[in-house]
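Visitor: Line by line, the protein sequences give chains A and B. Letter by letter, the first sequence follows residues 1 to 119 of this note's numbering. Letter by letter, the second sequence follows residues 1 to 153 of this note's numbering.
Source of the hints: derived by calculation from the structure; they are not laboratory data. These figures come from a predicted structure and were not determined experimentally. No false leads were slipped in.
Reference excerpt, derived from the structure (chain A facing chain B, CB under 10 Å, subset only):
id : residue
1  : Glu-24
2  : Leu-57
3  : Thr-61
4  : Ala-66
By construction, the Cβ of each residue, glycine as well, lies at the ideal position given by its N, Cα and C atoms.
Residue-level listing of the chains:
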Amino acid sequence: MELTYEDLEDGVRRVQLAGRMDVEGAREIDLKFTSLTASHQAFVIVDLSRVEFLSSLGLGTLVRSAKAQMSRQGKFVLLSPQLHVAKVLETTQVDRILPVLYDFEEAFLAVRPAGTSSG
Amino acid sequence: MAELSKPARQPLRAERSFRNRDEKLRHISEWFRAFAGRVGVEGARVLDFELCLNELVTNVNHYAYEDCREHEIRVILEADGGELRATVEDDGRPFNPLEKEVPARPDSLEAAGVRGWGIPIVRALADDLSYERRDGRNRLTIVSRGGRERDGR
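Only chain B is shown next, with the shape it has when bound in the complex (with noise of 0.2 Å):
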């Protein structure tokens, strides 16, 4: 089902759709490293906008909904130069995490919870991270630009 449209460094695009299932999560983690490696991102940078991608999509997975049924999340890989871009696509429910507070971080294991870390972490180890709502679709963007090489030192 993905699709490389061009040779390596060239602009590439990829699109999936995925059901809305936690155990399709590791698949869409594989498909994103085989695309990485096609356009030559590696290292700490992969692992960051694997995480990002895959709590956007848990997201999705655990809040977008309020039935049971079976729906259809697109993600589309996108790569241009030194950019790494990934829109996750579902017919959820309006939610715009951009509108969202940011919590606190907490000062003390008492005052931790045990949700909601998802967003922080996007917001924190994504370059960009932007919203719309569109023909009754959310669109979440995340970006990682090249030039800003994070290795967690």
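For reference, chain A alone in the conformation it holds in the complex (with noise of 0.2 Å):
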């Protein structure tokens, strides 16, 4: 599974995910997405338009660092899910709890933290 990330202005994060997030795909990426997303108060936009499989652990990996930016008072989007993922977090109630958006700006204004302005 592949993680890239770009910080873009506002201190809004954004992470991309590609791949099967399955057992092995979670446990792949667990250190850097926790790091960069779960480690410290951020506001991340998490990209998963290249993810194709969406498993229960994988889910766990997404809802520990949503949680731990609640914790933060950081802010944490999905975005884009393809459609059988889609069904996963609907399936499991999860897009009642953590915002899922299909549209970037919309994403980047859900997460940019509050005093800013730029856009």
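Using the hints, put the two standalone chains together into the complex.
Guide: Below, the structure is given as structure tokens:
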């Protein structure tokens, strides 16, 4: 599984995942993903548009980082999951507790820290 | 090792054994997808079933055994008409997921756990889930019926 990221203006970080987020895939990215999205306060967009498969362990990886950001007063949204990945989020109702957005600008505005005004 | 007993469109059966190691999960997925292709099942239904199978075997790998030794997990795939069936058989401790209380869906991120999503996913996506303990082995069977195509929309 691949993980790339870019730091954008206003302190927003976009993390892009690609591949199968199953047990093996989740383990491959776990350390880096946690470091980028959970170890300190961050304003994170996790781009799922290239994730083909999401299992319960992969879902746990996402939820764990989202919970960490909540406790750190950061922000965490999911962007553009493919149909089947969206279905997993819907089936587990994670989409009710974690924002799932399909438009990058909307996602950017959703996570941008309060007090910033660019864009 | 996989054996397909009859030509496509007839009742088909394939069976393989896998070690109880997570690195085997992708092999199981590939094997299942090839089987699904042989029996003419495709699209969202294949993804749903592949995920359910993945979750069942993951559950066995992670929770069925009290030792760290290698065990064999037997997976049986069957197709009959529009029905797709997978049975996962292991020699681990007795575990009937149907007796396990379905956890309440979290109403907040704060209340959400980070584990335990697997069986709820299977229960939601499979048309049927059954369990039996036979000859000291757990047998979990999931069924997908063709009449209700799920496309996630």
